[in-house]
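Residue numbers (this note's numbering), protein chains in the order written: chain A, 1 to 272; chain B, 1 to 176.
Just so you know, these hints were derived from the structure itself, not from any lab. Keep in mind that the hints are not guaranteed to be accurate.
With a cut-off of at most 30 Å between alpha-carbon atoms, the simulated BS3-like pairs for lysine-lysine come out as follows [stated by the list, open to error]: (1) B/Lys120 <-> A/Lys212; (2) A/Lys212 <-> A/Lys167; (3) B/Lys120 <-> A/Lys5.
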Amino acid sequence: MNKHKFEGSDLLHAYVDGELTTAEKKRVELWLSTHPEDAERVASWQKQTLGLRALFDHKTEEVIPPQLFPGEPLAVNIPPPSLATRKTSRIGSRIAAAVLWLAIGGSGGWLGHEYLSYNSVPFLTSGIQTTQNDDFTQPALEAHWVYTPEARHPVEVLANEESHLAKWLSNRMEVPLSIPDLSTAGFQLVGGRLLPSSNGPAAQFMYQNADKNRITLYLSRQSDSKETAFRYHEAGTTRAFYWYDGPLGYALVGELNRQELSQLADFVYQQL
Amino acid sequence: MDEFLEQLTKAIPTLRRYAFALVRDSSLADDLVQDCLEKGLAHRAQWRGEGNLKTWLYRILSNIHLNQVRADKRDFLKTSDTTSEADITAAAAQSPANQIDHLYLQDLEAAIAQLPEEQKQILLLVCLEGFSYQEAATTLELPLGTVMSRLSRARETLRHKTSGTAETSTNIRRVK
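Build the full structure now, drawing on both the sequences and the hints.
Here is the structure:
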């Protein structure tokens, strides 16, 4: 199996990537125990692998956009294993929506949407949607970490198309959204994007101040309508205030101090 | 159910991860995956069940990516330079030294973005997608020695760009 003979630093790479026989592995380990510089390189490469996973593994958890299924019948038939539960819950909620739609009859477009969003979802979820997840701070933080460092593509739709952005995300999330104005606090809108979440579409708005500090506001649908006070969450230097209001959960995320962020959260809340 | 379509569909989540890591933009990445799947379907006769379908799909995606990058190389080089500088500056401004992990990830991401595409593909196939050296060589139709040397260069570049996180930040601050 292992016909290739690794030499020199290739041997170290092969060690990191599990390409060695047990005997070779032992020899490398012995070498590393007496050569700290090589041991350091190996450790650094191993850390890179962990880092790559941390940066990109979340993509395999996402709900796959339907346009990616090439043969049409595929889309419903074979969700990849890791997505099975989420897929079911989304399809479940679509079925539920369709059933309800029939039940309320032609009571009109947006009205129907609202009726569905505000009143009926909790009732439906207890029966059909089994994998609802209301803890949205982690996805909010992850989305913040992934997109705020972006220089080229921080958002999908830029602030100059603000009204289009609001309309588009309102449609996708099936809730009328308004984009809070934080300019009095020195933060200008950069734009926004649509995100996948375990509860269907979620939205992220990004703001930036004169020092190029970026904060994000994450919005996701919740399984039931409720209202809560601000809650606080901290992950390293990243801080978040989150709350529920009606059908949505909100999280304001940034690398600001707690007071600044809390003040901004107030601004956001007042404008919703 | 068609065996080919089944395998193709199973590969989508990891193809999306690979594509996203290559271009670091969700919609560009999904365009890449879509092109790859369409090409795969159109050329399914070429596959003939020989070898691993996954390897074959990764090869298609890698080639589309390389062609795209080469097509707008000048544009790409220009912007990718500014990207990582901005990233590191933003990270330096926002994260104190104790936030090693988050800062490391930002530096790592910026350093990956600057790698030559050929090195980046190998690095991602081996370290992110878990390909063996032989699988990576087959996928990219390269000799094993080339795989090894590109992997080695990519890793050393990343190591140097992430090791001095603290110094890098202060350097940039001084320049600013």
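The hints, checked one at a time:
no., hint, in the structure
1, B/Lys120 <-> A/Lys212, "holds, 29 Å"
2, A/Lys212 <-> A/Lys167, "holds, 27 Å"
3, B/Lys120 <-> A/Lys5, "holds, 24 Å"
In this structure, every one of the numbered hints holds.
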